[in-house]
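> Single-letter residue listing:
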Amino acid sequence: MEKNLNRLDFPQLIDKPLVYLDSAASTLKPQAVIDEINHYYHDLSVNIHRGIYDEAYEATRLYEETRESVAQFINASNEEIVFTRGATASLNLVAASYGIRLSEGDEIITSELEHHSSVLPWQVIAKKTKAKLVFVPLNSEGRITTDAFKKVLSSKTKVVALTYKSNVMGYVTPLEEIIPLAHSVNAIVVVDAAQAAPHHKIDVKKLDVDFLAFSGHKMLGPTGVGVLYGKQDLLNSLEPTEFGGEMNEEVNKDTSVWKDAPYKFEAGTMPIASVIALAKAIEYLQNIGLDTIENHTNRIRNYAYQQLKKIDGIEIYNPNSDSSIIAFNIKNVHPHDAASYFAEKKVALRAGHHCAQLIIKWLGIEACLRASFYLYNTYEDADIFVQTVKSAVKFFRSVGFEG
Amino acid sequence: MEKLDNLYREIIMEHYKNPRNKGLSEDPSFITVHIKNPSCGDDITVQSQFENGKVKSCRHDGHGCSICCSSASVMTETVTGKDINEASLIANNYLLMVTNKPYDESVDLEEAAVYSGVRQFPARVKCASIAWQAFIETLKKGA
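Protein chains in written order, with this note's numbering: chain W, 1 to 403; chain B, 1 to 143.
Take the hints with a grain of salt, since some may be wrong.
Stated by the list, open to error - Dumping the calculated DSSO-like pairs for lysine-lysine here, alpha-carbon to alpha-carbon at most 30 Å:
{"hint": "1", "chain 1": "W", "residue 1": "231", "chain 2": "W", "residue 2": "16"}
{"hint": "2", "chain 1": "B", "residue 1": "3", "chain 2": "W", "residue 2": "309"}
{"hint": "3", "chain 1": "W", "residue 1": "309", "chain 2": "B", "residue 2": "22"}
{"hint": "4", "chain 1": "W", "residue 1": "394", "chain 2": "B", "residue 2": "22"}
{"hint": "5", "chain 1": "B", "residue 1": "101", "chain 2": "W", "residue 2": "394"}
{"hint": "6", "chain 1": "W", "residue 1": "231", "chain 2": "W", "residue 2": "205"}
{"hint": "7", "chain 1": "W", "residue 1": "16", "chain 2": "B", "residue 2": "126"}
{"hint": "8", "chain 1": "W", "residue 1": "132", "chain 2": "W", "residue 2": "150"}
{"hint": "9", "chain 1": "W", "residue 1": "16", "chain 2": "B", "residue 2": "3"}
{"hint": "10", "chain 1": "B", "residue 1": "126", "chain 2": "W", "residue 2": "345"}
What the hints assert, rightly or not - Derived coverage of chain B by chain W (criterion: at least 3 residues anywhere in the stretch with Cβ under 8 Å from a Cβ of chain W; other residues may be distant):
{"hint": "11", "segment": "6-20"}
{"hint": "12", "segment": "37-51"}
{"hint": "13", "segment": "55-65"}
{"hint": "14", "segment": "105-118"}
Hints were generated in silico from the structure; no laboratory data involved. Just so we're clear, the structure is a prediction, and the values are computed from it rather than from any experiment. The C-beta atom is built at its ideal place from N, Cα and C for all residues, glycine as well.
So here's chain B without its partners, still in its complex pose (with noise of 0.2 Å):
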């Protein structure tokens, strides 16, 4: 049972337990992104606020199993307070490492270094995914 004891890690359980950052804010200068994953009922809605080219705030709601919903609760905490390129290199190397590619170990993905026992774990790929996508998407769309 070691790859599974390597994807349910305490940092993961603790996240799924006690989500941060989680729901939604009224405030319009939040950029907000839906990401729903039909073949598993995933659904990711994450909103991020940027001023001063920083992540000022990131926020997550939504469904789905304890990696998709840990992994929303670690990202907001990850990118909070980074600069906007800082957060966007996390963002990007983070999918690189779960979907098994070659990616920038020197850059520091902090709490979110833990997902890479989803790497054994293809299916639950996309899982571990959908957060971070959502993120970059509010990057895409407001930074």
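Chain W extracted, bound-state conformation (with noise of 0.2 Å):
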């Protein structure tokens, strides 16, 4: 493991026999965030924005600059930068807001590789609208690929929606060949970077999206909040979604004036703590650097999967994965029965649909395991989940699943 790569910073992982395989849907949590949190509740504790005293002024200190590390990390400038309660939220705000303007003959692309919230919003508000929701054809492997992409889009296409990186396959969507082919016939793209943004580096400037999304508690940040980048002149078009405290400038009883993006969009009191320590989940990833992180994620994971495609018995779902995932089952055993087998022996990985019903059914099975992993897996974490593979399979088959 390279030196960076501190397992004893995450308290979870300290005198504790886990193996943590399930990153993609919560990635630990690292001491400085905690720690951050900790700092909030115990020595601010007040609300931001709204006082003069030195707690009010410190805690909206730590929550403006959050939004200037997070406008960093992705390339944005800090107008574009919108708190949200996480990536569902985010990709919720832009369906609801600027999906309103669709109509009956527009069209939505989107793809059988996403998360359901990365779907379900703009299928409603394709119900709603009378738009068409329009589904990439996946190739053989269940990936997006442009000339896929490019059979789908027209004239007619006003959003893509699509994921950055499969949650359940782990594939790399092409964004840098599909954006520029949306914009020319002038769609906005939409994208989940739910799993993206914990394993690669993200520059919106580069990528030219119109809209991103991830959450903080993917990426060693807390739960409870989210991002969503959007550039500034369609952030500043659209109407929020709630409606309430802080997020205007004048009220008046018919008719009220809402402040600029990104403050129009957060009403109410925020989750101020998990905003603040999401700074540190930030800087805790740019010290070790993404860089380093995505190549000690891929590596474990293709070292756990040339051991594993030597079992009999496994079937593997994605074996040319970009990263860190590995979909599989044990043949003819439940996805939950196995499940169980892997939490006695204290391996914790995911069993289900992950959130994905669309990919699941594309595959023609009922469910699938998943392990995912992230910079505090070790060689030693691979070699244990191999190892509890194999003793599964033949617990299984011992008991009287057929091979």
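With the hints as a guide, dock the two chains, each given alone in a separate frame, to form the complex.
Listed below in structure tokens is the structure:
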């Protein structure tokens, strides 16, 4: 393990026999993030933007500095960063607010690789506006390709809502090619970057993406905070979806005036502790470097995969994945049966449809197991994982599951 | 591995591989209830036919893990032929047992008693419960 990747920074891994392979669901949190949450509740504990006393000033400073950290993390400007409850809330905001501009005949391109949070808001909007939801046909491996995208793109396309990196297959979407194509027909592109942000350097300027969403808790940060990036003119043109305190500039009986973006989207008291601790998560990631993290994670994943594929009685659904995820099943063993075995062996992985039923249906299976690796995982974790898969196969065959 | 051995008992595996009363009936006198567990994809339909205060027939269909599918099979065998009150008592006691709550141990759960091992796997309680819950729903609807 690289010297910077220090497992001891993660209290969840200290003195516990835990092999944590569920980072695609939520990462563990380093001490620095936990300390920052404690700092807010212990030393500040007050609201932001309103008070003129020291604690309020300090809390506001930390909150707004986090906006700067996030902006710098993805190469945006501060005004383009909206804090939300998570990637789900970010994507819902765009669909609800931008989506009402659509009408019959318009098309929204999405894919079967999407997490439910990237497809359901648009499915709902499509029903409301009579716009049509169009799916990019996936290639034989289950990937979104530029060629397939070109086939569904047309002058009717108004919105392209795609994942940056699939949370089941780990495939990275060729956004560098897709985004200019979408713009050539004047469609906007909304990207679900929840799985990408923890692993890859994201540059929203270079991508020229219109909206991009991610969650804090999938990148070492706290739960309850996410980010919506939007190009400034687009954000300014969007109507908020929540109304209340702090988001307005002037309130009258009949009509009111909203603040400029991003503040008009942050109604009510925000999850202040989570926001300011997100800055510590970003700092932690940047101290190690996203390239180092990606290299490390992919190496461990491939090390595990090379051994896993040799085991008889295993089915792997994403052999050529680009990153951190292995989606698999033990043949003829329902993933929930298998997951209980892994849980007994203190190997934490996910079983189910991973909030991505469309790709599970595309694969023609009921559900699958998902092992996802991150910066704190080691070769030893990968070894234990592979050994556990081997012993699981043996166990299930021994109690009567057919091979 | 004692806990796991206790979960995957021979009777459970036997019912998983050779489910009894599987496949739905077209007969309209059956009361049908469908339950889905969206978090794991377990999907079970239970059909009951009641006559003269008894469970005349009980059938099931669907898909899910071994605990879910086998318990549906065991359930249909356990309740078929029983008085409605007795079947209801067994079903309710079974659900108390798997959820690790106090239950009347004098009630004979028959083969369903092998699911006591599920108590040690809180994440699997739902798998073992779903068919029995569906049966109780058929009782409410039709008995």
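> Now tell me, hint by hint, if it's right for this structure.
Taking the hints in turn, this is what the structure says about them:
At roughly 44 Å between alpha-carbon atoms, residue 231(W) and residue 16(W) are farther apart than 30 Å, so this suggested pair is violated. With a CA separation close to 28 Å, the supplied pair residue 3(B) and residue 309(W) stays within the 30 Å bound. For the proposed pair residue 309(W) and residue 22(B), the alpha carbon gap of about 35 Å is over 30 Å, so the pair is violated. Taking the CA atoms of residue 394(W) and residue 22(B), the gap is about 29 Å. The hint holds against a cut of 30 Å.
A C-alpha spacing of about 33 Å is found between residue 101(B) and residue 394(W), which places the hinted pair above 30 Å, so the restraint is violated. Our distance criterion of 30 Å between C-alpha atoms is met by residue 231(W) and residue 205(W), whose separation comes to about 9 Å. Taking the CA atoms of residue 16(W) and residue 126(B), the gap is near 28 Å; set against the 30 Å cutoff, the hint holds. Using a Cα cut-off of 30 Å, the hinted pair residue 132(W) and residue 150(W) holds, with the two alpha carbons roughly 17 Å apart.
Straight-line distance between C-alpha atoms of residue 16(W) and residue 3(B) comes to about 20 Å, which keeps the hinted pair within the 30 Å bound. The suggested pairing of residue 126(B) with residue 345(W) holds, with an alpha-carbon distance near 21 Å, which does not exceed 30 Å. Counting residues of the segment 6-20 of chain B whose beta carbon lies closer than 8 Å to any beta carbon of chain W gives 7, which reaches the threshold of three, so the coverage claim holds. Using a Cβ-Cβ cut-off of 8 Å, 4 residues of the segment 37-51 of chain B lie near chain W, which meets the minimum of three, so the contact claim holds.
Closer than 8 Å: that is the beta-carbon criterion, and the segment 55-65 of chain B has 3 residues meeting it against chain W, so the requirement of 3 holds. As drawn, the segment 105-118 of chain B meets chain W at 0 residues by the rule of a beta-carbon pair under 8 Å; below three, the given contact is violated.
Hint violations for this structure: numbers 1, 3, 5 and 14, all remaining hints satisfied.
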